[in-house]
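Q: These are the residues of each chain, in order.
Number of protein chains: 2
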Amino acid sequence: MKNDKERQSGDERQDALWQKPISRRDMLKMAGIGGAGLLLGGLATGGVLGAAGRLGAAEASSTFAEAGEAVEFYGSHQAGVATPAQDFICFAAFDLTTDDVNSVRRLFQKWTEAAAAMTGGVMIGDVNDNLNMPPSDTGEAAGLAPSKTTITFGVGPSFFDGRFGLAGKRPAALPDLPPFSGDELREEWTGGDIGVQVCANDMQIAFHAIRNLARIARGKAVLRWTQEGFQRSAQADPAGATPRNLMGFKDGTVNPDVRDEKTMNEVVWAQSSDGADWMSGGTYMVVRRIRIRVEVWDRSTLGDQEATFGRHRGSGAPLGSRSETDPVDLEAKDGKGEPLIPMNAHVRLARGDGTLRILRRSYSYSSGLDKKTGQLDAGLLFISYQRDIGKQFIPMQQRLASDRLNEYIVHNGSAVFACFPGVREGGYIGDTLL
Amino acid sequence: MKNDKERQSGDERQDALWQKPISRRDMLKMAGIGGAGLLLGGLATGGVLGAAGRLGAAEASSTFAEAGEAVEFYGSHQAGVATPAQDFICFAAFDLTTDDVNSVRRLFQKWTEAAAAMTGGVMIGDVNDNLNMPPSDTGEAAGLAPSKTTITFGVGPSFFDGRFGLAGKRPAALPDLPPFSGDELREEWTGGDIGVQVCANDMQIAFHAIRNLARIARGKAVLRWTQEGFQRSAQADPAGATPRNLMGFKDGTVNPDVRDEKTMNEVVWAQSSDGADWMSGGTYMVVRRIRIRVEVWDRSTLGDQEATFGRHRGSGAPLGSRSETDPVDLEAKDGKGEPLIPMNAHVRLARGDGTLRILRRSYSYSSGLDKKTGQLDAGLLFISYQRDIGKQFIPMQQRLASDRLNEYIVHNGSAVFACFPGVREGGYIGDTLL
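Residue numbers (full-length UniProt numbering), protein chains in the order written: chain H, 1 to 434; chain B, 1 to 434.
One or more hints might be untrue.
All copies of an identical chain are treated as equivalent in the list; a pair is satisfied when it fits inside any one copy or across any two copies.
Claimed, not checked - Here are the simulated SDA-like cross-link-like pairs (lysine to any residue), alpha carbons at most 25 Å apart as the crow flies:
1. Lys391 with Arg404
2. Lys333 with Ala172
3. Lys372 with Arg186
4. Lys262 with Ser272
5. Lys169 with Val258
6. Lys333 with Ser402
7. Lys371 with Pro157
8. Lys110 with Arg293
9. Lys372 with Thr190
10. Lys336 with Asp304
11. Lys110 with Thr301
12. Lys391 with Asp370
13. Lys333 with Arg163
14. Lys220 with Glu266
15. Lys262 with Gly162
16. Lys391 with Ser158
17. Lys372 with Asn128
18. Lys110 with Gln227
19. Lys169 with Thr432
20. Lys262 with Gly75
21. Lys110 with Trp297
22. Lys391 with Gln271
Hint data in this document are derived by calculation from the structure and do not stem from the laboratory.
Looking at chain H on its own, in the form it has when it is part of the complex (with noise of 0.2 Å):
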C-alpha cells in the first residue's frame, strides 16, 4: 500500500490543514471562494464588538472567525487566568508515578511543545504519515480553528512533599484547604500532583488536548480526575450578557478587571515580593466541585431563589436595586426596616467588607446521574485564580459557613495548584522551578 504517496497526491485541502499550522490565512482559504465573503463578514461585524463592548463584554466573540482565533500559549503569564472565559473547560489532575525530578522536567518539556502546538490550532510532532508508527496526534481535532484554546499548568502541595527533592520551594500562598462547613469531599474528585485547565471555544478540542496530554505523560503520570464543563456559548448569546449558573442566576457579575494590570497585580499575579521567587508571574488555583441539588432548588419558590442569592434572578440587579450593576447596597432596608439583602444571602457573605477579592473562572457541569439516588449530578466547577490562597480564598469560603446557598450545594470535589509564570519561547512549563 502506497499510502503515503496517495495521500500526499490526494485531497490537497485537507492536506494543507493536515501537515501545516493553521493561520487565520489558511482559514479564509478554507472557504475558498467564500473567503472574501468571510472576510467581509468579519468586517462588517467590527461593528458588533464594538457595540458588545459598550454593553459590557467587549471580551466576548461576536463572530465564527473571532471565536476561532488562537491565544497565545507564550508569553510573561500563563494564558486561561486573564483570558475572557471561552466555552467550555476540560479539567485534569494528574499523579506522577515517576520519582526522578528529570524524568518530571522532560514530561513538562514534552507537554509544552504540544500545549504550544494544541494551542495554536496544529498537530503534534511529526509522525502523522508513517504507516508504521503510531501517529504523534490522535487526530480528532485535525483542521479545525485553534478556537481560543488554553492550557494552564500547575502544580498541588503533594508535588512538594519530598519526592523531587523540592519540599523547600513550596509557597507559602500555597497552603492545604482547611475542611469547611458543608464538605463532603470525594476521593475521586479531590487533590492532584498537577493540575491542568484546558479551555476552548470547542468541546472536541478541549478533549483532544487533556486526551494527549495524558498520552504523553504515559509512564510519568496518569490522570487521577478529570472535569469538563460549560457555560452559554457565545453564539447563543451575542451580546455577552453575564452567563447563568444552572440556578438560574447570573453569575460572575462582580470580578476584576483583567485588563486592570494594577488590579491583577494585587489580586491574581504572584508577585517577587511574596516569598516563592520561582512563582513570579504566577498565580495559585482553586478548584471545587460544587454539586447544586438541582430538584431540590426546583422546587423553592422565585422568593426563596432570590434571598438566596440576594439578587433578583431576571435582571441580576441586587435586591432592591435595579439593574446588574448597581452597587451592593447591604444597609439597604424594606418597609419594615428588615434588610433588602437578608443577612445570610449568597451576595452579602461572599462580599464581606468588600478588601478580599478572587478572579472567579467558573464553568457549570452536568455529569448524568447520580446513581445512588437517581438524581442529576450537576453543578458548578468552580475555578478561582489568587495572589495567595490562604489570604483570599481561605477566609472568604470560611465567611459562607452560614451562606443560605448552602442548603442547596454540597463541595464534592477540591483542589489547589501553583501555576506557574508564563513560558517564554524555547523555555517550558515548570523551568522557573526545576
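Mind docking chain B on chain H? Use the hints.
A: Structure of chain B alone, referenced to chain H:
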C-alpha cells in the same frame, strides 16, 4: 419587597428577553447599536454559505446568527431527525412511574407545550415572576438564542408491556435487539420506557431542556439514564467538513441525503403501509453507547488504524482512493493481489452489498474516568434512525461481528425507541397512539 414591580421597571433589555419570545429581530435589537453591523455581517457572509454548499455542507451554520436560529417544533415529522446535526446532544431515557394512561397523556401534553417553548427560545409556562411559587422555568437558558434546539420523543418496547393497554399497538418495526458480538451492556445505560433526544448548538440550552422535562415529569416518570455528547463546533470548522470521531477519522461520510424526500421515505420515515398506522411519518431510533478503548487505539500504528477503518485518516478517502467522496471500491487490489480494503475493515462490513441504509446522527462523548481502570470513559453515542430496526439496523450490526474495529470498542449501552410522527399545532406527542 416589591420585587415584581422593581423587576418591571428594571433592566429593560433583560426584561424584554425574559418575558417575550425571542425573534430574529429581537436578536438584532439585542446587539443594540451594532444591530446594523450584525445584519450587514450576516448578509456579507452569505457568500460563505454558498461556498460551503459547494464544498458539500450547505446545512452548516456559517454565522453566530444562523447558529442561533430556531427550528420549528411542529410539523409532519419530528425535528431532530432530518435536521442537520447540531453541535451538542443531551439524550435522556425515562421510566414511567404511573400505570394510568391518562396520566401519561397529560405528561405528553405538558411536555409538548414545554418543548414548543424551549425550541422557540422562550421561558416555559407563565409563573416566572411570582415570588410565592417555584418558577415554571428553571431559568438558566433565559435570554439565550434558540440555537437550533430540537427535542425528539420516542417510546421503547417496555411502553407496550401492558401497563397502558397498548400491548397490541407495538410496531413490528420495533423489535428488541438481539445480543450482538462484543456487547458488554450495562443496566445503567440501557433501555427506557421513553427516549428523548435533545440537540442544540448550545450545551447549557440542551441541559436545560432535559432538566425541565424531568421536572415536569415529577410523580409520573423518572430519569433512567442520560448521556451528553458533542461534535466539533461549527465555529471551529466554518467550511463544514465531515466531523471526526474520537479515533481521529471522519465519521458520517456515507449518510442518506436528508433533503431527498424519496430516500427519506425509503430509509427513515415509517409509512402507512408498514403496519402501525399511528407511526406513519415517525421513525425508529437506535441508541448505542460505544466506548472506545482510547489508550489501546492510541498505541496502534497509523497503518493498523487505516486498515481498521478502510479509509485514510487524513483525507477520509477509501484506501487506495484520493478523496473522501470517492466511491468505496471493494474489489480494488494492491500489487500483490491483496484487497486494498481489508476483508474485515469497518467500511467494507458496514457497507455490505449497499442495499441496507440507515441515517446516522452520532455524537462523541466523554464522561470522565472509568473508576475501575482509571482510563478515559470516552467514545461514541451512536444514534441511527431507520424505517424498520429489524430490517435495517439488526442485519447491519450482525454483519459487524467480524469488524476489525471491535478490538478497540465495546458497546456498553443500548436502547430502541419508536419516535412519533410530527405534532400538528394544538396536538401533542403521541396523540396518534393515545
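Q: Does the structure break any of the earlier hints, and which numbers would those be?
A: 2, 5, 12, 13, 14, 15 and 17
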